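Let the hints inform the model, and build the full structure from the sequences given.
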Amino acid sequence: MGGVKHMAIVEFKNVSRVYRNGDHEQRALDHVNLSLKEGRFIVVLGPSGAGKSTLLNMLGGLDSPTEGTIVVNGRDISTLTPNELAEYRAASVGFVFQSYNLIPTLTVIENVALVKEIAPNPLSSHEMLKAVGLEDHIHQFPSELSGGEQQRVSIARALAKNPHILLCDEPTGALDSETGVMVLKLLLSMARDMGKTIIIVTHNQNIAKMADVVIRVKNGKIKSCETQDNPLSVEEVDW
Amino acid sequence: MLLKKLFRTLWQYKAQFISMVIMVALGIGVFLGFNVEWYSLEVNTKEIYDATGFADYRIYNDKGFSHEDLEAVKGIDGVDDATRFLSLNVSVKDDTDTLALTVSENMDVSGILVMEGEPYSAEDPDGFWLSDSYAKANGISPGDPLTLSYQTITVKGTVKGLVKSSEYLICLPDTTQMMPDYSTYGFVYISPVMLDSAIPAMYKLFIGSLYHQINVKSSLDKPAFVEAADRVLGSTRLILSKDETVSWAEAQGEVNEGKTMASILPVLFLAIAVLTMVTTMHRICASEKTQIGTFKALGFKNRRILIHYSAYALIIGLLGTIPGIGIGYGLGWFIMNPDGAMATYIDMPSWTLHAPVFTWIVIIGIIAFLTFIGFLSVRKMLQGTAADALRPYSPKRMKHLRFEETRQFKRLGFGTKWNLRDCVRHKARSMMTLFGIIGCMVLLVGGLGMKDTMDAFLDVFYEKSINYTTRVNLDEDHMTAAEGKELAESLNGDWAASRAVRIGDKGYSLEIYSITHDKVRFADNDMKIIPLTDDGVYICSRIAREYNLKAGDELSFSPYDSNEDYTVTISGILDSMTEGVFMTDVYADKIGITYHVSSVFTDATEIPDNPHILNKQSKQSIMDSFDVFMDLMNKMIWLLVIAAVILGIVVLYNLGVMSYTERYREMATLKVVGFKDSKIGRLLISQNLWLTVLGILIGIPAGIGVLQYLLTALASEYELKLVLGLPTWLVSILLTFGVSLIVGLMVARKNRHIDMVAALKTAE
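Protein chains in written order, with this note's numbering: chain R, 95 to 333; chain S, 81 to 844.
Please keep in mind that the hints were generated in silico from the structure rather than gathered at the bench. Honestly, I wouldn't trust all of these hints.
List of simulated lysine to any residue pairs, SDA-like, C-alpha gap at most 25 Å [as the list claims (entries may be wrong)]:
no., chain 1, residue 1, chain 2, residue 2
1, S, K830, R, Q234
2, S, K173, S, A839
3, S, K84, S, T374
4, S, K756, R, N300
5, S, K490, R, V165
6, S, K830, R, L174
7, R, K210, S, A839
Predicted model only: the values in this text are computed from it and were never measured.
Printed below as a string of structure tokens:
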């Protein structure tokens, strides 16, 4: 961790996201201001419907704000066209979902190698799978793997793009605690050893104990953004 | 409540439901339409045969039949009724038209139906009962005067009635003509009294009886009748049963042709409709599985859930059947109406539409079967406990395929692998897509190929074979062969003679040709023009097929009205409009067969008056009659092309949407990972295009196979050789490709609207 520089990689400036359904208006994010530094392990906590996934989706270029600007690595992504957003997703962010979202008709290695088609600086698929401990399963289909293994494939795929930021939406939500711990360990090492910015959205308060930064969201607003100088290691957390 | 859900679900899956309804409507429409066509023809022709007492047998004799002959025939056990009959081609005075002047002593046998004007009277001294179709084409009404001439005889009178006749159901002057042309040729009936007064006494003395034919109603079979007729009439005569007459054979030919067509195309459409239903219902039930499970968990009995979901299939069946019946009758009407395509060929009084009983049984069966498909699809989702049913449907687990081990597969890009595995994983969907493309291709190759084949047929048998400008028909009965040859020579023409011969117990035409001016040409089985040699006979393909004969074999025939048998060597097989045996005059003289010149083929522009000339027929008038035929053909081709395109679009769109829905989540993942819409679109389209290429590759031989099957079925009518022109290849391939590409683009455009967030939130 010592050698990693902590520059602001993400900045939310007065960001709002309003969903309209006829006359009904739902403000999922309400004038959010946020600045996050590079190489951190960040956890976003909040109850259901608080706006944490919306925040993650904005950052990941899956959705665009109704007002305000989002700057990632010095580039305003809030005004990008759909094609530019696709390029942004291909180059700058990796996603890890609760439900893995692997392509069932591609093998493990193919699911990871898939990103070579679009990412400008992809890493070796084999290396990534080795990093997540799946080098012996590369020719299997996702349906032949356990949930934890599938989640690790999805992490390998996200990392293979060599992104600056890894966005994880309830990455352990569908896993048993033992496998969840293994996945969190892996994600933490990505921040500590590879200098990636990891942002995890979760309900799980325990994960927050490992984080460098804990952001609490409620009713579309940032309730708090705390930096923890001495986060616990995975083993220290009482799961 | 469930009813509300039913309609809302129908709305939710509207693309699939609408395409299924269209497929069912098309399937039932084409099935019903083709069957309505042949069955209506059968019913309506039977109506005129019954109403006019269509004769079962016709006995011919060049010298005519006396009253005593008629009475002798009537006296045969098993003969119900008979009449002396005369049919003679005469000229309309001051006109180039020809009418078959007809007299029948007893109108109960092969009589007429008066459509307009006075009823027919056997005593009428000056009345013409004229073909109503000829009258309409020439602006003639009852009350108009009419003058006919035959050699030196002129018959004058008034048109008293406009009629239809079963004897002239297909009104052709001779076998070279394919389609009736009422503007130049028709028929007219006069009474025996009028005939008697028109013929000069000297003439009667000279020629004896004018009635060269006896028409007979009899329930005897042909061998028994021939044996009895020969016994009472004393010598061999040409006897044709009704199925050997043009009127019956051609009309039945059309019916059989219709039956053949009805056994191919509708089956294709129905099969595609049913298979699409299987795939679509399965997918809909799969995506409704959690709802099915919810019903089960709530306490709904399986029976109720089964009924509810089977109702979707039933509704599709019923909604498709209603327009389907409309399409069926519309299609039937398109061909079978008094101003329609069939009316240019067959001259019937009644054009009512009828569907065979079995079509209704099949339609009910189809609706029941579609409902059963729905039932089976739901039952599959209901299997196990309520908890099992609640779990979302999961497609089959992926397995490695053998070809994945190959080096070539490993080298493939991810898109190719993705699509290949998707095709294998969703076999039913891929097969259906393939089937739809093959169906589209078969219809296009079949339809356009039929046109090419007919065009080539007309080109060879008419444009090339008819190398004269005028055909002059002679009164062969009253001139010697030498006189005929002299006339032909004076016109710088080739000539032909014709005799009726018997091969086995069937009657055929023996055609003797003298070709020295290259005015008539013949084509072999490969539609190549070949010269006739003087060392044997040529037979048409139909006879060759019927008696299993080939060049080098021997053939025995005997002319009617002679007791001689001739055994000859076959020099070649010809494709010909006339079902007959062909030889040169040199060969005829060599084997000693006698003949009279019946036609001269010439380019002479001035044809001098000659009492032996019956009438003249220009090449142009023969060719003109094909315009009607080709017009009919073109309409049918257009229908097939439209059907092919609709079939292609509906099937491919339905399956495309299905594929899109099934891969929605995968595409959302690709989108999240950073794939652009255009790249995902290309991935989607490329799968469609592969299947299209494969479908085209299979569709070409399949289309040729279907076309060949049709041509074989039509072989009793036309000797056609399958021809496919370059434009047909191009249009079929490009149109199929175009349909697939357009549908692919339509579906691919949808990926712009993928909601990545929502798609990826849903549970696996």
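Evaluated hints:
Proposed proximity of K830 (chain S) and Q234 (chain R) is contradicted: the alpha carbons are some 31 Å apart, above 25 Å. Our distance criterion of 25 Å between C-alpha atoms is broken by K173 (chain S) and A839 (chain S), whose separation comes to about 85 Å. For the given pair, K84 (chain S) sits about 17 Å from T374 (chain S) by alpha-carbon distance, which is consistent with the 25 Å threshold. A threshold of 25 Å between alpha carbons decides the hint, and for K756 (chain S) with N300 (chain R) the separation of about 37 Å lies outside it, so the pair is violated.
For the suggested pair K490 (chain S) and V165 (chain R), the alpha carbons sit about 40 Å apart, so the restraint of at most 25 Å is broken. Using a Cα cut-off of 25 Å, the hinted pair K830 (chain S) and L174 (chain R) holds, with the two alpha carbons roughly 21 Å apart. Restraint check for K210 (chain R) and A839 (chain S): the C-alpha separation of about 23 Å stays at or below 25 Å, so the hint holds.
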